[in-house]
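Make the full structure from the sequences, and use the hints.
With the numbering used here applied, the sequence shown covers 2 to 516.
One should not assume that every hint holds.
Just the calculated beta-carbon pair ranges, DEER-fashion [said to hold, decoys possible]:
| hint | residue 1 | residue 2 | range |
| --- | --- | --- | --- |
| 1 | MET319 | TYR422 | 25 to 31 Å |
| 2 | GLY57 | GLU423 | 42 to 48 Å |
| 3 | TYR296 | ARG194 | 24 to 30 Å |
| 4 | GLY413 | ASP188 | 51 to 57 Å |
| 5 | VAL252 | LEU222 | 24 to 30 Å |
| 6 | PRO323 | GLN409 | 31 to 37 Å |
| 7 | PRO302 | LYS500 | 57 to 63 Å |
For the record, the hints were derived by calculation from the structure and aren't laboratory data. Virtual Cβ for every residue (Gly too), placed ideally from N, Cα, C.
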Amino acid sequence: MALTLAVFALLRWQAAMIAAATCGLLLLFALYLRQIGLPRRDVVVATVVGAGLGVGWALIAGPIVTAAYRAALGSHTDLSHVLFSGVAIPITQALLMVVPAIVVWVLNRCTRKALSGYALGALGAVVFDRAAAIALLVPQLALGVTARDQSVAASLGEAAVEGIAWPLASLATGGIFGIALWTTFRDNPSRRRRTSLAAATAVLLGVMIAMGLVDIAPLSLPLYITLQLLIAALAMVVLRHRIAAALLHEVHDGTSDDGQTPCAECDHVAAATAFCTECGVATAARPATVPAVSYPRVLAPLAAGLGVVALAAVSVAMLITPATRAFVCPPDCGRPPLGTPVENNPRFSSDDGAFSVAYPAEEAAYKATFDPPGLHGVEVRYIGGDTGSLALFGEPARGRTPKQIVWQAISGKYPEATLSYEIPNASVGYQPGYGAVADVYARDSAASYTRLRVIVMAAVKHDYALIAAAVGPYHVFSPDYGNGQPSGANLELAMDIGKYVNSFRWGGDRYGPPT
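This is the structure:
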């Protein structure tokens, strides 16, 4: 499955990669459930509850996290954002993931075994996680069957995190909780169950919070992928130890009269123990009446299932991807996002007199914040149309060129951003400078997927830099969207930023260089 994900990512077959990432582990786990023979009613209940909760959580949490991900460049990630997006959202995800197992546990009062708890807990968690991922990633299919504009590294990262790290972490934590809930201990069962549930909950919350914090941290793409896979691997190690401990300490069924039992995996007959002394497989992992399954009998249905979901994803992508509209130039040549005359808008002046800049009036479709944490200027949120944010701020240049300033601003917030094009003859406050347009593929696993367009321009005078940075969802302009003309920016917010970029004034223009 990992090889399939890698091939799709390298070829940038976006739709097929999304299908394999969201459904691959789920299909493999379904084959495992068929092999162990869980009660059908329990499987259906866990699946339905998990899918419903996952989609509902994604529809609520996705837009919230996406809005936080589009925070203005130049602003610092404050504690409230970390606590909300990196801690609170993952906690809600973690608690909802185990609800399917709890529902099945309440409805089914039959004899309980640790491995049944593992299977049902893992099933509920994986279905929840994959249902949420499908709901969050479906908008990405509208970008096309392939993603030629997305880098191979970004595609590989998405495949690794969405297709391996998150589903494995969900499987491990859900399985650990299910084991704690289902295990019937031989000694002090009530006290040991409470202790086991507390430990399982701590592991569940710890893993989800750790992955959530890594999601929102401005890390380089290789480090981000490495940390997510490492957390998932550690969760799987903990799961392995919890399964072993539960099998050793739970109440076992009676064995044959002579105390001998055959291993369902290798047919070795030995004294009844929790694990086969020959192959190490748990004796309760599969009933003795169920034959072993060969690799071809697993790989064939898995490949068929992946083929079906990949074909379905490609079909959906072809149906919902907007058709490319042809423009005739001239006259439909469009215009750059600059050069709009300055309007009579309110004006912000920095406390130190270093610069001033106009910002949208209150009745406009914007919400302005002055001097937010880490930003010496104005942060403007576009609350109409496609949404987005605009930062108009200044900072000492310290000998840096406008190009260095622009890319430090971009990489500080979005390390994985890739250059789309450089803005020709860029200027800020009619001062020649540098401008860049970059693309970012939002990687937060709780965010509604969107391709972000980032536009940053900077100019330097008196060794003081004035910077304008716009961030919003990428949306191709067409006769049916935007101003009806082609646009290199493909960002709705860009249609309105020219008047504010050109309104910048350095304090030195009137009073001399700022001190």
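Look at the Cβ atoms of MET319 and TYR422 and judge whether their distance stays inside 25 to 31 Å.
holds (28 Å)
If I claimed the Cβ atoms of TYR296 and ARG194 lie 24 to 30 Å apart, would that claim hold in this structure?
At roughly 37 Å between Cβ atoms, ARG194 and TYR296 fall outside 24 to 30 Å, so the hint is violated.
Starting from the hint 31 to 37 Å, judge whether the C-beta atoms of PRO323 and GLN409 obey it.
At roughly 35 Å between Cβ atoms, GLN409 and PRO323 fall inside 31 to 37 Å, so the hint holds.
So does GLY413 sit 51 to 57 Å from ASP188, Cβ to Cβ?
holds (55 Å)
Given the range 24 to 30 Å, decide if the beta-carbon distance of VAL252 to LEU222 lies inside it.
violated (48 Å)
How does the Cβ-Cβ distance of GLY57 and GLU423 compare with 42 to 48 Å: does it lie in that range?
holds (43 Å)
Is it true that PRO302 and LYS500 lie within 57 to 63 Å of each other by Cβ?
About 60 Å separates the Cβ atoms of PRO302 and LYS500, which means 57 to 63 Å holds.
Going through the hint list in order, the structure does not satisfy hints 3 and 5.
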